[in-house]
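Colleague: Let the sequences and hints guide you as you build the complete structure.
Counted the way numbering that gives the first Met the number 0 counts, the first sequence spans residues 0 to 944.
Among the hints, a few may not be true.
Restraint-style ranges between C-beta atoms, simulated for each label pair [stated by the list, open to error]:
{"hint": "1", "residue 1": "789", "residue 2": "607", "range": "51 to 59 Å"}
{"hint": "2", "residue 1": "428", "residue 2": "219", "range": "38 to 46 Å"}
{"hint": "3", "residue 1": "939", "residue 2": "649", "range": "50 to 58 Å"}
{"hint": "4", "residue 1": "819", "residue 2": "785", "range": "36 to 44 Å"}
{"hint": "5", "residue 1": "815", "residue 2": "734", "range": "48 to 56 Å"}
{"hint": "6", "residue 1": "673", "residue 2": "610", "range": "49 to 57 Å"}
{"hint": "7", "residue 1": "405", "residue 2": "363", "range": "13 to 21 Å"}
{"hint": "8", "residue 1": "624", "residue 2": "709", "range": "29 to 37 Å"}
{"hint": "9", "residue 1": "842", "residue 2": "931", "range": "21 to 29 Å"}
{"hint": "10", "residue 1": "842", "residue 2": "649", "range": "34 to 42 Å"}
Below, simulated DSS-like cross-link-like pairs (lysine-lysine); rule was C-alpha separation at most 27 Å, straight line [as the list claims (entries may be wrong)]:
{"hint": "11", "residue 1": "294", "residue 2": "224"}
{"hint": "12", "residue 1": "861", "residue 2": "812"}
{"hint": "13", "residue 1": "610", "residue 2": "109"}
{"hint": "14", "residue 1": "380", "residue 2": "390"}
{"hint": "15", "residue 1": "279", "residue 2": "302"}
{"hint": "16", "residue 1": "864", "residue 2": "737"}
{"hint": "17", "residue 1": "112", "residue 2": "30"}
{"hint": "18", "residue 1": "50", "residue 2": "86"}
{"hint": "19", "residue 1": "480", "residue 2": "517"}
{"hint": "20", "residue 1": "715", "residue 2": "50"}
{"hint": "21", "residue 1": "830", "residue 2": "737"}
{"hint": "22", "residue 1": "517", "residue 2": "484"}
{"hint": "23", "residue 1": "527", "residue 2": "176"}
{"hint": "24", "residue 1": "861", "residue 2": "86"}
{"hint": "25", "residue 1": "380", "residue 2": "412"}
{"hint": "26", "residue 1": "288", "residue 2": "222"}
{"hint": "27", "residue 1": "112", "residue 2": "412"}
{"hint": "28", "residue 1": "112", "residue 2": "390"}
{"hint": "29", "residue 1": "830", "residue 2": "858"}
{"hint": "30", "residue 1": "43", "residue 2": "592"}
{"hint": "31", "residue 1": "136", "residue 2": "858"}
If you are wondering where the hints come from, they were derived from the structure by calculation, not from laboratory data.
Where is the CB? At the ideal position from N, CA and C, for every residue including glycine.
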Amino acid sequence: MKEKSTYSVNLPQTAFPMKANSAVRELEIQKVWDDTGVYEASLKRREAAPKYVLHDGPPYLSSSKIHIGTALNKVLKDIVTKYKGLKGFYSPYVPGYDSHGLPIENAVLKDVKGGRAALTPVELRQRCRAFALSNLKGQEANFRRLGVWGHWQSPYITLDQHFEAKQVRVFGKMAGKGYLYKGLKSVSWCPNCETALAEAEVEYADHTSNSIYVKFAVDAASKSKLPASVQDKDVAFVIWTTTPWTLPANLGVALHPDFVYEFLQVEDEPHVLVVAESLKNAFLNAAGKAEKAVKVLATALGKELELLECRHPFMDRLSRVINGDHVTAEAGTGCVHTAPGHGPEDFEIGKVYQLGVLSPVDSRGIFTEEAGIFAGQRFDKANPLVVEHLKEKGVLLQHSTFSHSYPHCWRCKKPLIFRATEQWFASVEGFRKRALECIDAVEWLPASGRNRIFNMVENRSDWCISRQRAWGVPIPVFYCKGCHKPLMSEESIEAVAKVFDAEGSDSWWEREPGYFLKDIGCGHCGGKEFDRETDIMDVWFDSGVTHAAVLDERPELRGTPCELYLEGSDQHRGWFQSSLLTSVAVSDRAPYKTVLTHGFVVDESGRKMSKSVGNVVEPDEVIKQYGADVLRLWVASVNYTDDIPIGKNMLAQLADVYRRLRNTARFLLGNLHDFDPARDMVKKESLSSLDRFVLHRLNEVVAEVTRDFDRFEFFKYYQLLQNFCGVDLSAFYFDIVKDRLYTCHPKDESRRAVQTVLTHTLHTLVRLLAPVTPHLAEDIWQHMSEPLRAYFGGQTSVLLTDYPQVNPDFEDKEAGAYWSELIDVRLTVNKALEQARAARSIGSSLEATVVMSFGDKEKADKVRKIEGDLASVFITSGAHISSNGTGKEGLSEPLSTVSEEGLTVAAYRAQGEKCARCWKYTGDVGKDSQYADLCGFCADVVSRL
RNA sequence: GCUCUCGUAGCUCAAUCGGUAGAGCGCUCGCCUGAUAAGCGAGAGGCUGGAGGAUCAUAUCCUUCCGGGGGCACCA
Numbered sequence: 000m001k002e003k004s005t006y007s008v009n010l011p012q013t014a015f016p017m018k019a020n021s022a023v024r025e026l027e028i029q030k031v032w033d034d035t036g037v038y039e040a041s042l043k044r045r046e047a048a049p050k051y052v053l054h055d056g057p058p059y060l061s062s063s064k065i066h067i068g069t070a071l072n073k074v075l076k077d078i079v080t081k082y083k084g085l086k087g088f089y090s091p092y093v094p095g096y097d098s099h100g101l102p103i104e105n106a107v108l109k110d111v112k113g114g115r116a117a118l119t120p121v122e123l124r125q126r127c128r129a130f131a132l133s134n135l136k137g138q139e140a141n142f143r144r145l146g147v148w149g150h151w152q153s154p155y156i157t158l159d160q161h162f163e164a165k166q167v168r169v170f171g172k173m174a175g176k177g178y179l180y181k182g183l184k185s186v187s188w189c190p191n192c193e194t195a196l197a198e199a200e201v202e203y204a205d206h207t208s209n210s211i212y213v214k215f216a217v218d219a220a221s222k223s224k225l226p227a228s229v230q231d232k233d234v235a236f237v238i239w240t241t242t243p244w245t246l247p248a249n250l251g252v253a254l255h256p257d258f259v260y261e262f263l264q265v266e267d268e269p270h271v272l273v274v275a276e277s278l279k280n281a282f283l284n285a286a287g288k289a290e291k292a293v294k295v296l297a298t299a300l301g302k303e304l305e306l307l308e309c310r311h312p313f314m315d316r317l318s319r320v321i322n323g324d325h326v327t328a329e330a331g332t333g334c335v336h337t338a339p340g341h342g343p344e345d346f347e348i349g350k351v352y353q354l355g356v357l358s359p360v361d362s363r364g365i366f367t368e369e370a371g372i373f374a375g376q377r378f379d380k381a382n383p384l385v386v387e388h389l390k391e392k393g394v395l396l397q398h399s400t401f402s403h404s405y406p407h408c409w410r411c412k413k414p415l416i417f418r419a420t421e422q423w424f425a426s427v428e429g430f431r432k433r434a435l436e437c438i439d440a441v442e443w444l445p446a447s448g449r450n451r452i453f454n455m456v457e458n459r460s461d462w463c464i465s466r467q468r469a470w471g472v473p474i475p476v477f478y479c480k481g482c483h484k485p486l487m488s489e490e491s492i493e494a495v496a497k498v499f500d501a502e503g504s505d506s507w508w509e510r511e512p513g514y515f516l517k518d519i520g521c522g523h524c525g526g527k528e529f530d531r532e533t534d535i536m537d538v539w540f541d542s543g544v545t546h547a548a549v550l551d552e553r554p555e556l557r558g559t560p561c562e563l564y565l566e567g568s569d570q571h572r573g574w575f576q577s578s579l580l581t582s583v584a585v586s587d588r589a590p591y592k593t594v595l596t597h598g599f600v601v602d603e604s605g606r607k608m609s610k611s612v613g614n615v616v617e618p619d620e621v622i623k624q625y626g627a628d629v630l631r632l633w634v635a636s637v638n639y640t641d642d643i644p645i646g647k648n649m650l651a652q653l654a655d656v657y658r659r660l661r662n663t664a665r666f667l668l669g670n671l672h673d674f675d676p677a678r679d680m681v682k683k684e685s686l687s688s689l690d691r692f693v694l695h696r697l698n699e700v701v702a703e704v705t706r707d708f709d710r711f712e713f714f715k716y717y718q719l720l721q722n723f724c725g726v727d728l729s730a731f732y733f734d735i736v737k738d739r740l741y742t743c744h745p746k747d748e749s750r751r752a753v754q755t756v757l758t759h760t761l762h763t764l765v766r767l768l769a770p771v772t773p774h775l776a777e778d779i780w781q782h783m784s785e786p787l788r789a790y791f792g793g794q795t796s797v798l799l800t801d802y803p804q805v806n807p808d809f810e811d812k813e814a815g816a817y818w819s820e821l822i823d824v825r826l827t828v829n830k831a832l833e834q835a836r837a838a839r840s841i842g843s844s845l846e847a848t849v850v851m852s853f854g855d856k857e858k859a860d861k862v863r864k865i866e867g868d869l870a871s872v873f874i875t876s877g878a879h880i881s882s883n884g885t886g887k888e889g890l891s892e893p894l895s896t897v898s899e900e901g902l903t904v905a906a907y908r909a910q911g912e913k914c915a916r917c918w919k920y921t922g923d924v925g926k927d928s929q930y931a932d933l934c935g936f937c938a939d940v941v942s943r944l
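Modeller: Structure, rendered in structure tokens:
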């Protein structure tokens, strides 16, 4: 008679480690992907499939390190492309980089003694290029470490000469359609960056301005046009402004044509003051004259005062009184200081009245000789000087400061000015209607994005595309030396494009115009001598043409429109719009079919991340601590439509979830080490109801998860997957089925049945994981036994498989319904066991036997159908259904009793002896003469081993 | 200033047409020691941002306020 302390059981065996060791393992996996060209292979196998192209919005190369928002964006893109690839689409990803523009130029100039003047444009451009390309290397390394797949060997870069050539051709097409023009306009100007800015580059921020009220005395020659009662007095219009420095450029005083203006005799005030009736009180209060005696000498409508002339308060010229509907009664005096050179509205109204344009500041914001005594002063430094001068002239009624929101440069954050200069514009007006139609043909996710961009495009003014800088693509226009007309014909632009294609855009500065133009002459006078345009294009124009320079140029991307643009929601103003505008102008359609946006990353309490607050989460630190997959899991776990929180607590929790997923896989792998599906798979008919239930659930999960992926709702996938692994598998099925796996004879059908279910589960799970946590999925894939992998298709990488599909064979609604009821019963049983445990009556649940009695006979019959399996489901040594009350049925007093929902469960101490092998308490331990401490079941198994 | 949107347990997310607020994780306590730096069980956590209102009934509809985010306007 044998008696051993341990008998062999079928324990899980796997080399798949419990700990991820991401810092090492993820890199190993990435290396294998790179070395064996898995990305390329994944595309190759989908070559003939329908395409799903996500076109990359280029991150800006001002830094070598990406921040968490960029990481989120790239991971989202990668989840989409990996999913689409697995799902059967041809889904290449060509990453891009935005490499021109001010911030890079400024960053480079910071280290240059003497600034811009110290370098030639080409020298400066070479430094910018080197700077951008070195940052590219850093960003690329960051992206690759995240496990993002793409054409890393051949990304697109806006500074690439072929890109530049294509950009010039797009410019040419727009010019050919008459959508480009050069015009004098009052544009937003950054004196710090020394360039014009587009609307997209302007942001509003609080700013403390001056607030002054200034008298404009009516010129003697105009007095006859005043109301009779004041013709013999000294009359002055009172203007209000927040920018004293613009007064040297004043050329007019604007009144609203329909406002009533009053002529006020104010105590101690030599002039009769003219202000809008509706603003009189506000003005008198502000000017500290509320207590003074005030007499209204006359009234007049704005339109009755039109074309009067005033003396400029300190320059020797006249300032004309004009009418404009832009004058409001919200602030000021109803008399608006008008300087066409320093405000878009002033500019427009000035054009109507032919006031001319004065803009006596240079590109750095310093007054020119035209500004008279202020020449040489910077505009902001001139404010107090102007105020002082006004005081000396006796025309200043009031001076104070106040805080309001004011336009700032979104790059350097400094206040902007308006400056009238000649600029190149894209005439949005020319294709606005079509652009709006195209917006409505696009799917915007979330749907609110449609209104956001629609309103912007509907209301925006023409796009100022010229910049007075060196680091960018030149505006490919020449000016005839004879007639000074611009040359931008199809021919001349193609000539430029050809040279750029061959030499890059440095040639613009290195070569003479004749080198480009050869025999091309001026279209107006036939002249052959040209000057070149010195302005470059707005960087938004660069990235705005990627649809042409990348999607249409790279055969592997199969042209516009692509399926998806996916960027932060700020790109409605930026890239989505610039891409749309150029695409509509040139190709008459949007470059994308769907636009998906995400919000911004904030800390755990919802605050913006900032260095000063110290709440910045760095992607590389997350990766160092947890690995790329945990970071990716974070991306998948949040609803990115709104603000996206991240922080220590969240990451710790995500790491827990990651571990749960990992351990689920480990259990699957370990218990399949001796399973060859080709040989051992059990037919569906031979599976137990419980086994079929799990397959049914698996099917439901696949269906739901697929829906979530298709809607880009990854957080639902995350919830569901976590739930499935934790609840359905680990806490339920695995726990129950361990007994069968471990104690049966390895080849017994009931064990093989479980392994059959585990096989399907593993195969499905590993592929569901692949888009989000590719390293984990690959690690699992590589740890599968050869027979398993062979059965699954033999792919060398999980990323070369097909995404799981709903399997009609697995559908078993009956089992689904049946087991969801039984899970409720199990919950009640657990409570009874827990009470017995709390009373120290039992430890392990196998020490107990439970007896159930149902109030509802139908329910009892239902459960009775698997009475023989109930004990294994509850992991007890026995389980019975009583037909009469709690039914003691020969057992002693219950250890505990729990009643809920028409079910009473009584837990008893299990009868019999504990089997040394399966640990169950049975009445037949030792019955087999061979094994004194084994139950009959185990004795049989052991004898067959 | 106008406007849109969001605000559900510590965290991430659920709650079909309004019908007694759910899950997972975390936490606490306990069990197991044949998934073991694992696994299992139970429990405690929410006046659904606040206040009004319509309704038999509201997290869900209306008003208003507070807070987060966005858009437009603020141009003198």
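Colleague: Each hint needs a verdict: does it hold in this structure or not?
Modeller: Evaluation of the provided hints:
1. Under the hint 51 to 59 Å, the C-beta atoms of residue 789 and residue 607, about 52 Å apart, fit the expected range.
2. As the Cβ distance of residue 428 to residue 219 is approximately 44 Å, the hint placing it in 38 to 46 Å holds.
3. At roughly 52 Å, the beta-carbon separation of residue 939 and residue 649 lies within the given 50 to 58 Å, and the hint holds.
4. Distance hint check for residue 819 and residue 785: the Cβ-Cβ separation is about 37 Å, which falls inside the suggested range of 36 to 44 Å.
5. Between residue 815 and residue 734 the Cβ separation comes to about 19 Å, which falls outside the hinted range of 48 to 56 Å.
6. In this structure the hint that residue 673 and residue 610 lie 49 to 57 Å apart at CB holds, the actual value being about 56 Å.
7. Judged by the Cβ atoms, the range 13 to 21 Å given for residue 405 and residue 363 holds: they are separated by roughly 19 Å.
8. Roughly 33 Å separates the CB atoms of residue 624 and residue 709, a value that falls within the hinted 29 to 37 Å.
9. About 24 Å separates the C-beta atoms of residue 842 and residue 931, a value consistent with the hinted range of 21 to 29 Å.
10. Between residue 842 and residue 649 the beta carbons are some 36 Å apart, a value that agrees with the proposed interval 34 to 42 Å.
11. Our distance criterion of 27 Å between C-alpha atoms is met by residue 294 and residue 224, whose separation comes to about 21 Å.
12. This hinted pair checks out: residue 861 and residue 812 have alpha carbons roughly 16 Å apart, not beyond 27 Å.
13. A hinted pair counts as satisfied when its Cα atoms are at most 27 Å apart, and residue 610 with residue 109 qualifies at roughly 21 Å.
14. With a CA separation close to 17 Å, the supplied pair residue 380 and residue 390 stays within the 27 Å bound.
15. Distance hint between residue 279 and residue 302 is fulfilled; the C-alpha atoms sit about 18 Å from each other, no more than 27 Å.
16. For the given pair, residue 864 sits about 22 Å from residue 737 by alpha-carbon distance, which is consistent with the 27 Å threshold.
17. Between residue 112 and residue 30, the direct Cα distance comes to roughly 44 Å. Violation of the 27 Å bound is thereby established for this hinted pair.
18. At most 27 Å may separate the alpha-carbon atoms for a hinted pair to count; residue 50 and residue 86 meet this at roughly 11 Å.
19. In summary, the hint linking residue 480 to residue 517 is supported, as the alpha carbons are separated by about 16 Å, within the 27 Å threshold.
20. For the hint pairing residue 715 with residue 50, the CA-to-CA distance comes to about 26 Å; that is within 27 Å, so the pair holds.
21. In summary, the hint linking residue 830 to residue 737 is supported, as the alpha carbons are separated by about 21 Å, within the 27 Å threshold.
22. Between the alpha carbons of residue 517 and residue 484 the distance comes to roughly 18 Å, so the proposed pair stays at or under 27 Å and holds.
23. For the given pair, residue 527 sits about 25 Å from residue 176 by alpha-carbon distance, which is consistent with the 27 Å threshold.
24. Distance restraint check for residue 861 and residue 86: the Cα-Cα separation of roughly 40 Å exceeds the 27 Å cut-off, and the hinted pair is therefore not satisfied.
25. About 18 Å separates the Cα atoms of residue 380 and residue 412, which keeps this hinted pair within 27 Å; it holds.
26. Using a Cα cut-off of 27 Å, the hinted pair residue 288 and residue 222 holds, with the two alpha carbons roughly 26 Å apart.
27. At most 27 Å may separate the alpha-carbon atoms for a hinted pair to count; residue 112 and residue 412 meet this at roughly 23 Å.
28. A hinted pair counts as satisfied when its Cα atoms are at most 27 Å apart, and residue 112 with residue 390 does not qualify at roughly 41 Å.
29. Between residue 830 and residue 858 the CA atoms are separated by roughly 19 Å; this keeps the pair inside 27 Å, and the hint holds.
30. Taking the CA atoms of residue 43 and residue 592, the gap is about 24 Å. The hint holds against a cut of 27 Å.
31. Under the criterion of a C-alpha separation no larger than 27 Å, the hint pairing residue 136 with residue 858 is inconsistent with the structure, at around 67 Å.
Hints 5, 17, 24, 28, 31, counting from the list given before, are not met by this structure.
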